[in-house]
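Protein chains: 2
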Amino acid sequence: MNSPERIRIKDIARMASVSVGTVDRVIHGRTGVSESSRQRVEEILQRLDYQPNMYASALASNKRYTFISLLPQHEEGEYWTAIENGISNALAAYSDFNISVHPIYYDPYNYHSFAQASQEVLTEKPDGVLFAPTIPRYTRPFTRALSERSTPYIYIDSNIQDQPALSFFGQHSHQSGRFAARMLMLLAAGEEEVVIFRKINEGVVGSNQQERREVGFREYMQQYHPACKIRELDLHAKQLNDDAQMLDAFFAQYPQVANGITFNSKAYIIGEYLQQRSRAFNLIGYDLLARNVACLSQGGVTFLIAQQPQLQGFNGIKALCDHLILKKEVSPVNFMPIDLLTKENIDFYSNR
Amino acid sequence: MNSPERIRIKDIARMASVSVGTVDRVIHGRTGVSESSRQRVEEILQRLDYQPNMYASALASNKRYTFISLLPQHEEGEYWTAIENGISNALAAYSDFNISVHPIYYDPYNYHSFAQASQEVLTEKPDGVLFAPTIPRYTRPFTRALSERSTPYIYIDSNIQDQPALSFFGQHSHQSGRFAARMLMLLAAGEEEVVIFRKINEGVVGSNQQERREVGFREYMQQYHPACKIRELDLHAKQLNDDAQMLDAFFAQYPQVANGITFNSKAYIIGEYLQQRSRAFNLIGYDLLARNVACLSQGGVTFLIAQQPQLQGFNGIKALCDHLILKKEVSPVNFMPIDLLTKENIDFYSNR
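So the protein sequences, as listed, match chains S and Z. One point on numbering: in my numbering, the residue at position 75 of the first sequence is 85, and numbering is uninterrupted. One point on numbering: in my numbering, the residue at position 91 of the second sequence is 101, and numbering is uninterrupted.
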C-alpha cells in the first residue's frame with residue numbers, strides 16, 4: 011500500500027476506552043451510545059481523519075479526478091494567490107487519490123468574461139469545480155449546467171444561497187461589513203464623515219463579497235451612526251496610474267475626511283499613498299497581503315481584517331475529495347473567521 | 011501494531027516528487043538538496059507528522075511516562091478548565107505512548123501553597139511537568155530542583171525568561187496589555203478616566219500573565235494617553251459576595267467612569283453586574299468562558315480577548331511527548347494569538 015495504513019476500529023475503541031461495538035455504532039450513526047462516549051469517539055475519529063473502507067478502496071482504484079478552479083485573474087502576491095496556495099497544499103495532501111486541478115481565470119470586472127470562462131470549464135468536463143462566483147445572474151447558467159451534469163461545485167469567497175453549492179467557504183460578508191463599520195466608527199471617534207474606497211471598472215465592483223460587505227457596513231451605519239456622511243471614491247480597477255491623482259483630488263475636495271475603509275484586498279494602494287503624503291488618516295482594509303501588512307506596521311493601514319484564504323482553497327479541494335472519493339458528508343456552509351489585526355497583535359496571528 | 015502504521019520514505023518521496031535519497035537527506039539534515047525540494051519535503055513531513063524510527067520504537071517499548079500538571083485551583087467552567095480539556099485531548103491523541111497526567115493544584119493567591127504543591131510534585135518523581143508558574147521568586151526553587159533532576163518542564167500561561175522551560179505556551183502578556191489598552195481607548199472615545207478591575211487576595215493578583223498585561227497596558231497609556239486617569243478597583247478574590255457591593259460603592263464614588271478592563275478571565279462578574287444595574291459601560295475582558303460569552307452577546311461585556319487555552323494544554327503535553335519519546339526538537343517559546351472578539355465576529359471564531 012502506498013499510504014499510511016488504516017487505523018482499525020479496535021484501535022479507536024482502545025483510544026476512546028469504549029467497546030468495538032460502540033465505535034461501530036458511532037461510525038454508522040446508530041443509537042444506543044451515551045453522549046459522552048459518542049463525543050469521545052467522534053473526536054478521535056476526527057483527529058485521525060478516519061474513513062471507514064473508502065480510503066483503502068479509493069487507493070485501490072485507478073480512477074483519476076480532474077478538478078477545475080475558476081478564479082479571478084490576478085498578479086502573484088494578490089489575494090487569490092493565497093487561495094491558490096491552499097489548493098496546492100490540498101493537492102499535495104490528497105496526492106494519493108490521483109487528483110489534479112486545472113486553473114482557469116476570468117476577468118472579475120467583466121461578466122462576459124465569466125460566461126466565457128465558465129463555458130470553457132464545461133467543455134473540459136471536470137469531475138468537480140471550485141470557483142469564485144460572479145453576480146448571481148451571470149453565475150446561474152453555469153451552476154445550472156453543472157447541476158444538470160451532477161458535477162459537484164464549491165463556492166469560494168462568496169455564497170449564492172438560492173443556487174447552493176456542495177460547499178461554500180468564505181466570510182459571512184454581511185457580518186464582516188458590520189464588524190468593519192463598528193471598528194471604523196471607533197477609530198473615527200465622533201467624526202461625521204467617512205469614505206469608502208472602491209476599485210471599479212465600468213460600474214462593476216468585481217466581487218460579491220465586497221458588495222455585500224458594503225451592504226452590511228451601510229446597514230450598521232444606518233442603525234448606529236445615521237448622521238455620519240459616507241463619501242465614496244471609485245478608483246479605476248484597470249488604470250492603476252490614476253490612483254494617486256484621484257486620491258489627491260478627493261482629499262483636496264474633502265480635506266476633513268480622516269477615516270475610511272476599503273472592502274477589497276488592495277488597502278495598500280491607499281495605505282502607501284497615505285504614507286507618501288504623510289497624511290494622518292485611519293484606514294481599515296482586508297487581507298494579509300505582504301504590502302498590506304507592511305502598511306499596517308508602517309502606519310498607512312490602521313486595521314486589517316483577515317479571513318484565512320489558504321484554508322478556503324485547501325478545504326474547497328478537500329470537500330470535493332470527501333464527497334467524490336471518500337463519500338463523506340460535507341458541510342454546505344463554512345463561514346471563515348472575521349479576524350482583526352493591528353500592529354500590536356499581528357505577529358502572533360498564525361500561532362495556532 | 012496498535013496504531014496507524016508508519017509512512018515510508020518512498021511514499022514521501024513520491025508525494026514530494028523527489029528521490030528517496032533526497033528525503034533521507036532532508037530528514038537527517040544533510041546538504042545537497044535544493045531549497046525548493048527541501049521545502050516541499052519538510053512541508054509533507056510536517057503535515058504527516060513524520061517521525062523517523064522514534065515512533066515505532068516508542069510503540070515497541072513498554073515504558074510508561076508519568077506527567078504532572080500543576081495548575082491553579084478552579085471551579086469547572088473557569089479558565090483552567092479549557093487548559094485541562096486540552097491536556098485530556100493530548101492524552102487521548104498520544105495514548106499509544108502509555109502516558110498519564112496526574113493533576114495537582116495550588117492556590118494562586120498564596121505563594122506558600124505553590125511551594126507546598128510543587129514539593130508534592132517533586133515527591134512523585136514525574137517524567138515531566140506542565141505548570142502555570144507563580145511569581146519568579148517562588149517558582150525558582152521548583153525549577154531548580156527539576157533542572158537538577160533533568161526533569162523537563164513546560165510553562166503554561168506565563169513565561170519566566172531567566173528560568174527557561176523546555177517550552178512555554180501563553181500570550182505575549184506585554185503586547186496583550188498594549189493591544190487591550192488601544193482597544194479600550196477606542197471605546198473610551200476621549201474620556202479621561204478608565205478603571206482596572208482586579209481580583210486580589212492579600213495583595214496577590216494570582217497570575218504573572220495578568221500582572222504583565224497590566225504593565226503593558228500602563229506603558230501604552232503612558233505613551234499615548236498620559237492624561238487619562240487610571241482608577242483601580244480590587245475585588246476580593248475569595249469573597250465573591252462582596253462584588254456587587256464594592257462595585258456599587260465604586261460607581262457611587264466615580265459615576266463618570268464608563269470604560270474599564272479586567273485582565274483576568276472573570277469579566278462576567280463585572281459584566282453581569284452591569285447588566286443587572288443596566289449601567290452603560292464599556293468593558294474589555296479576557297477569555298471565552300461561557301459566562302463571558304453570554305455577557306458579550308447581552309452587552310455586559312464589550313470586547314473579549316482570547317488566547318487558545320485548549321491549544322496551550324494540548325501542545326504542552328505534546329511538547330513533553332515530542333521531547334521525551336519522539337526525540338523531536340521543541341520550540342522553546344510559543345506565543346498564543348491575541349484575538350479580539352465582539353458580538354459581530356464571535357460566531358465565526360472557531361471556524362478555522
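Don't read these hints as lab results, they were simulated from the structure. It is possible that part of the hints are untrue.
Copies of the same chain look alike in the list, so a pair counts if it works inside one copy or between any two.
No more than 30 Å apart at the CA atoms, straight line, and that leaves these computed lysine-lysine pairs for DSSO-like [said to hold, decoys possible]:
1. Lys73 with Lys338
2. Lys20 with Lys337
3. Lys135 with Lys248
4. Lys20 with Lys338
Every value quoted in this text rests on a predicted model; they were computed, and no experiment measured them.
These are the hints, each one checked on the structure:
1. Lys73 with Lys338: Within one copy only: 18 Å inside, 38 Å across.
2. Lys20 with Lys337: both (22 Å within a copy, 28 Å between copies)
3. Lys135 with Lys248: neither (32 Å within a copy, 69 Å between copies)
4. Lys20 with Lys338: Answer is both; intra-copy 21 Å and inter-copy 28 Å each pass.
Figure legend: structure checked against the earlier numbered hints; the only hint not met is number 3.
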